[in-house]
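Participant: Sequences listed follow chains A and B, in order. Residue numbering for the first sequence follows our numbering, starting at 1 and increasing by one per position. Residue numbering for the second sequence follows our numbering, starting at 103 and increasing by one per position.
If you are wondering where the hints come from, they were derived from the structure by calculation, not from laboratory data. Glycine residues also receive a C-beta, built at the ideal position from the N, C-alpha and C atoms. A portion of the hints provided could be inaccurate.
So the derived list for chain B, only partly shown, Cβ under 7 angstroms to chain A, looks like this [to be verified]: (1) 701; (2) 703; (3) 707.
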Amino acid sequence: MIAASLNTYLVLSALLFAIGFLGVLIRRNTLVIFMGLELMLVASTLALVAFSRFNGTNDGNVFVFFILTVAAAEVAVGLAIIVALFRKRQTIEVDQLNTLKN
Amino acid sequence: MTMLQHAIIALLLPLASAALIALFLRRAHNIAATLSVIAATIVAAFSIHLALSNQRFETSLEWLRLGEFSLSLGIKFDDLAALMLVIVGIVGLCVHVFSLGYLRDDPSRARYFGGLSIFMFSMIGITLADNLFMMFIFWELVGYSSYALIGHWYDRPSASAAAKKAFIVNRVGDFGFLLGIIMCYWVNGTVSLTELSQGNAIASTAIPLLLFCGAVGKSAQMPLQVWLPDAMEGPTPVSALIHAATMVAAGIYMLCRINALMVPDALNVIMWVGTVTALYAALCAIVQSDIKKVLAYSTLSQLGYMVAAFGLGSLVVSHDADGARHSVLLAAGVGAAMFHLTTHAFFKALMFLGSGSVIHGCHHEQDIFKMGGLAKKMPLTFVTFTIGVAAIIGFPFLSGFFSKDAILLLAYEKNTAVFAILAFVAVLTALYMVRLWKITFLGAPRSEHAEHAHEGGLTLTAPLVVLAVLSVLGGYTAFYPNVFSGVFALVPVAHGAAHTVILVTSIVVMTVGALAALFLYKPAATDSLEQKSPGTFNALVALRNSFDAAYDYYVAKVQQRFAMLLNFLEQIFLAGLIIRGLAGVVGLFGLGARALHVGKLNVYVYWFLGGAVALWLFATGVL
Chain A
1 MIAASLNTYL
11 VLSALLFAIG
21 FLGVLIRRNT
31 LVIFMGLELM
41 LVASTLALVA
51 FSRFNGTNDG
61 NVFVFFILTV
71 AAAEVAVGLA
81 IIVALFRKRQ
91 TIEVDQLNTL
101 KN
Chain B
103 MTMLQHAIIA
113 LLLPLASAAL
123 IALFLRRAHN
133 IAATLSVIAA
143 TIVAAFSIHL
153 ALSNQRFETS
163 LEWLRLGEFS
173 LSLGIKFDDL
183 AALMLVIVGI
193 VGLCVHVFSL
203 GYLRDDPSRA
213 RYFGGLSIFM
223 FSMIGITLAD
233 NLFMMFIFWE
243 LVGYSSYALI
253 GHWYDRPSAS
263 AAAKKAFIVN
273 RVGDFGFLLG
283 IIMCYWVNGT
293 VSLTELSQGN
303 AIASTAIPLL
313 LFCGAVGKSA
323 QMPLQVWLPD
333 AMEGPTPVSA
343 LIHAATMVAA
353 GIYMLCRINA
363 LMVPDALNVI
373 MWVGTVTALY
383 AALCAIVQSD
393 IKKVLAYSTL
403 SQLGYMVAAF
413 GLGSLVVSHD
423 ADGARHSVLL
433 AAGVGAAMFH
443 LTTHAFFKAL
453 MFLGSGSVIH
463 GCHHEQDIFK
473 MGGLAKKMPL
483 TFVTFTIGVA
493 AIIGFPFLSG
503 FFSKDAILLL
513 AYEKNTAVFA
523 ILAFVAVLTA
533 LYMVRLWKIT
543 FLGAPRSEHA
553 EHAHEGGLTL
563 TAPLVVLAVL
573 SVLGGYTAFY
583 PNVFSGVFAL
593 VPVAHGAAHT
603 VILVTSIVVM
613 TVGALAALFL
623 YKPAATDSLE
633 QKSPGTFNAL
643 VALRNSFDAA
653 YDYYVAKVQQ
663 RFAMLLNFLE
673 QIFLAGLIIR
683 GLAGVVGLFG
693 LGARALHVGK
703 LNVYVYWFLG
713 GAVALWLFAT
723 GVL
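Okay, chain A solo, but in the shape it has when bound:
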């Protein structure tokens, strides 16, 4: 079995981050944008775990725990907002959520 190097993990992490970011940029559905955001978060945790593993320290691992906790809370709040939005406006398309401008 070929042991993966640090760079492999980092490239994977960057790819995941870019995919997530593109999702946020391109998609119009709030739920999908939200998923893109989560993907970016996970990409960064992957990089942190990889750093932790290859540097032999636990700093990155500890960070990951915090990020997971915060992400769980954020998902709860974010999804609740999206549900509330849908109830109020019957849509979650960002193009139609522009009352501040018009």
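Please build the complex by placing chain B on the supplied structure of chain A, with the hints as guidance.
Facilitator: Just chain B, lined up with the frame of chain A:
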């Protein structure tokens, strides 16, 4: 009770009275009047008691400290202050009592008596102040009380205009005074009167002249004399107290307080300002037809006398002692000025109150050509007014005779030109005072009001009698207890040839002036001078109007246009370019920022991306 406590009570009692009236008694006219008169009575009693106690003291406490700079409040009670305090106390009491009768039917008596009380407080403050800053504070307060009392009948446009004029003209002089105080502090490091008089003040011409500006404003010397004649719009007792006896004399008092700072150049200027004022005002007084205006110009003229006396300065007096001749430098200017200030306070307050009695008797008629024949209608006023006239023209053995002689002697010893002018002014004084006296009191009544003139009640006549007695006795230095020796020892006394010259001069000028008036004027409805010599009359009227015309021209044509120019520049540059310009720039920014607000979430994310890229470029050092 110590003397210091007496002094503090004499200072604060009128303030308490004024505060009570202002806060609680604005409609309770009789209570307010009584309170104010009681305060004035206690002040008069305390001031005499303080003066006679023969205790002289000084005290001060720090009031405010700003870094190195400290302001103190204190009392300096020496012979000079004692004399001034007694004058203020006695004349103040007479005027308070007179006001009770004079303003009996006035609908806003409470405000009037409150004003009198605040004036008494401020004037006593000037008298007792131990440093120039404290004096300045009270200096402004008398200016305020003068403003409030001149404008007592504020519904008359002329009265409110006169009040404003007095305040603004005084402001000009006070600005110089303040500059002088600041410069004195800067140069000498102190403004305490005692420390300044200890002889180590740095000699400077600018400081005394700037301080003199304050006296020019308050004592209405040239060229700021224009406010005093207009101030006669105030009630007559106010004219007697503020614009004859005390406040306008504060300028001379202040000069005497800072005598140690004087240098010959400054004294020269002061002497000439006083002399010219005395002459100018005496010429103006000849053509006035309003009884109070004559007295106002006469006050101006006498104030000029006092200022000139102060400006004449010190005299070297030699006397024999222990078989050897000693020469002593005597501050004769201070002595002569304060002596004349004292006698003038009594006889001029007497004449103003007398004119108030006349005006009250004639139902507020002030034109002397509509009076006449009042000698029979108002005998007591006539007698006391006659004493006042005799005193001011220097009739022998009345108070003015002695004090005027002291000034003439000083002028004779020091400066012949000034002596000649002052002697001529004495002729004019006799002329216009006898003219006033003859036209007002002699002949037949020339109007309905004069026909029905009558003597007022006791409150109107009693102060006249008191002041008449003082006008007779006030000239005898022996009359004053020894407690004022610090001032009266400085009064120059003539000996030998000088004595004869002065005596003859003073009697001749008085006789010439009085006889000229008696022959020239007759109690008629028109001015004899105007009929016999219209040219002279018109020239004098033009002279009288010249200053007001000049100031009007200056304000309307020069100052107003300059202000309009400034306004124009302000509109163009300040309001137009800077203020509107700045608003325009901010608006442009707003316009740009508004374009970024598109309302699409994705666009904001692109902005975010752009920001992140920029941050990255910045962090890596590309930017």
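Participant: Checking against the hints above, which ones are violated?
Facilitator: Violated hints: none; all satisfied.
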